[in-house]
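*Asks:* Since the structure of chain H is already known, use the hints to place chain E on it.
Protein sequence lines, in the order shown, are assigned to chains H and E.
Residue 21 in the numbering used here sits at position 21 of the first sequence; the count goes up by one each step and never skips.
Residue 275 in the numbering used here sits at position 275 of the second sequence; the count goes up by one each step and never skips.
The set of hints was computed from the structure by calculation and includes no laboratory data.
Don't take each hint at face value.
Chain H is nowhere near these chain E residues, computed Cβ spacing over 12 Å in every case [what the hints assert, rightly or not]: (1) Q114; (2) Y143; (3) K267; (4) Y295; (5) V299; (6) S312; (7) H314; (8) A424.
Subject to a maximum C-alpha distance of 25 Å in a straight line, what follows is the list of computed PhoX-like cross-link-like pairs (lysine-lysine) [what the hints assert, rightly or not]: (9) K66(E) with K218(E); (10) K415(E) with K98(E); (11) K416(E) with K21(H); (12) K117(E) with K98(E); (13) K66(E) with K235(E); (14) K416(E) with K98(E); (15) K235(E) with K443(E); (16) K416(E) with K20(H); (17) K443(E) with K20(H); (18) K233(E) with K66(E); (19) K21(H) with K415(E); (20) K184(E) with K235(E).
Note that CB positions come from ideal geometry on N, CA and C, so glycine has one too.
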Amino acid sequence: MLSAAALLRQKIHILSAMYKKPLWILLFALFFILAMDFWRWERPLQTTALGLPDWLPYFIVLQLGLTTAIAIFCWTFWLRKGPKSDKEAKD
Amino acid sequence: MVYAIIIGYLLLTFGASLLGRDKQMDTAEGYFLAGRNLGPIVLFFTFIATNFSAFFFLGFAGQGYKIGYAYYVMMAFGTAFAALSFYFIGFRVWLLGKAHGYITPPELIGGEMQSDKLRLLYLSVMVFFTLPYLALQPIGAGYLLNSLTDGAVPYFAGAVLLTLVIVAYIFIGGMKSVALTDVKQGILMFVLMFAALIVIASNYGGIQAANEAVFQLKPELFSRGGGGGYFSKPKWFSMMLLWICCVPMLPQLFMRFYISRDLASLKTSTILYSLVPTILFICPVAIGVIGHLSYPDLVGKQIDQILPLMLSSHAPEWLAALIMTGALAAFMSTLDSQLLALGTMLTRDVYARYFDRELSLQKEVKVGKAFIAAAAVLGLLIAYHPPDTIFAIAKQAFTGLAVLFPTTVAVLHWKKTSAAACIASILIGEVMLLASILGILPKGFFFGCDLIVLLMLTCALVIIIGSFSSPKAKPV
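Only chain H is shown next, with the shape it has when bound in the complex (with noise of 0.2 Å):
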């Protein structure tokens, strides 16, 4: 069991690492290589739920990550990033 100060230590250790750009870079690069899943290709054709392609779910999952990242990433990074007003963004 970890004490309420090692938690608050690691959950400050996460957040600050989602403030550094190469990590979000690398992560996103990720994305875009996962979605060349040219290993699989070849594989005999079967269905799976709804009768769709067996690989389909893969994407899924993938797409929701993807989308799971950029809010992340938003509400972090960005959010650090921004003007909170038009005069800041003007200045």
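*Replies:* Quick look at chain E alone, frame taken from chain H:
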């Protein structure tokens, strides 16, 4: 019933546009950019309604029929990934627009680089590749109205009628009217597309039963490379790259980065824009795939008719008409934004700079309306008797616009960028595209990839080398 639905839809559109009329309409920012004051919901809907043209309704179903589910993944993931450009392009555009009062994309690029030549070149590329794409909208709308009314409304009369409605509501409230009608049109697209899939699939015992029947009939539509091996691995990579690079370069989308009220609105739109394709794009593609059960032998241009054909076979007349009105909404929401973008660029970047430098704000709006009307007439003239080349140019429009991508990124993010390097990058990119269209550059000669990969590499390299060797760097 069909007429009542069409008239009801057009009245609803007109009514929504009236809400956009307000006191700011006499200023350029008020008319062209809705006073840079759109909140998250309206901004999000105007992004999707503008980007998802009638191609989303008719073209996706047609490509689903031809290629299968691989097409859904390509379009959905490519579009979702393009949402990242809202940050690395849109955010900077929004900030610079607020700081310097930029209204058009060429204004920003030329203004930041202090180069009239670059601004004019950027403008020329945007106008050249937007016009044929714009003309495709009245062409499609005319055919659709003709088909909806069983030929009672002739093709060209339908194209003129819908274009007139669009021009009227742009005149009434400019960008704000366009954005408000986009909300209604966006919601219509969402709801009706789901309704279409459910109604059609229910005729075959549900989505699962329908898919399993198609799988027995045409298993290649479920393959990773698509029907007829449409996607090779290099082509898959190329098309993913194309969407990321071309989506933010469409002038009607680029200008939407300016109109966000605040950062929160832009961020909310970014998140939702990345989510929507995953949910929505599966519907038209699935309808196209299921279409093989009723129409197994469509070829050529016939495949784009699969959605209306399936609706006429499997849905009550009123519901089919209602769903096709959603396609009409998709046409109109793209055309209105294209007209407004072209009118704004021609007013600000041509008329105000070369014909009347003392242009008052009120007169600027009037001139803008004249250019919007002129662009609409030009679109209709092309639509009256569309030359074969229009489809070829429209097909290349995305690649032609994507050539502007390296320049845009460099201007927004790299202080060393020089105007000369950007001009060289755009010129070389467009010459390469022309060479490819003329067959001088053979297809797939670059590791089997589409031209877009070589274009992006070359244009970026030209900017880097040019900026280091060019004597005049961008002022900071």
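*Asks:* Hey, does K267(E) actually stay past 12 Å from chain H on C-beta?
*Replies:* With a cut-off of 12 Å, K267(E) comes too close to chain H, as the shortest Cβ separation is near 4 Å.
*Asks:* Confirm or reject the statement that H314(E) sits farther than 12 Å, beta carbon to beta carbon, from all of chain H.
*Replies:* holds (18 Å)
*Asks:* K416(E) and K20(H): Cα distance at most 25 Å?
*Replies:* holds (24 Å)
*Asks:* Hey, is S312(E) genuinely clear of chain H, shortest beta carbon separation above 12 Å?
*Replies:* holds (24 Å)
*Asks:* CA of K443(E) to CA of K20(H), is that 25 Å or under?
*Replies:* violated (40 Å)
*Asks:* Compute the least Cβ-Cβ separation between Y295(E) and chain H, then decide whether it is above 12 Å.
*Replies:* Since the minimum Cβ distance to chain H is about 19 Å, Y295(E) lies beyond 12 Å and the statement holds.
*Asks:* Does K443(E) sit within 25 Å of K235(E), going by the straight-line distance between their CA atoms?
*Replies:* holds (11 Å)
*Asks:* Is K416(E) within 25 Å of K98(E), Cα to Cα?
*Replies:* holds (23 Å)
*Asks:* Does Q114(E) sit more than 12 Å from chain H, CB to CB?
*Replies:* Non-interface label stands for Q114(E): nearest chain H Cβ at 19 Å, farther than 12 Å.
*Asks:* Has the given pair, K66(E) with K218(E), been kept, meaning a C-alpha gap of at most 25 Å?
*Replies:* Measuring from Cα to Cα gives roughly 10 Å; hence the hint holds.
*Asks:* Beyond 12 Å from every chain H Cβ: check whether that's true for Y143(E).
*Replies:* holds (31 Å)
*Asks:* Would the non-interface assignment of V299(E) survive a Cβ cutoff of 12 Å against chain H?
*Replies:* Correct as stated: the minimum Cβ-Cβ distance to chain H is 24 Å, above 12 Å.
Violated hints, listed in ascending order, are 3, 17, 20; each of the other numbered hints is respected by the structure.
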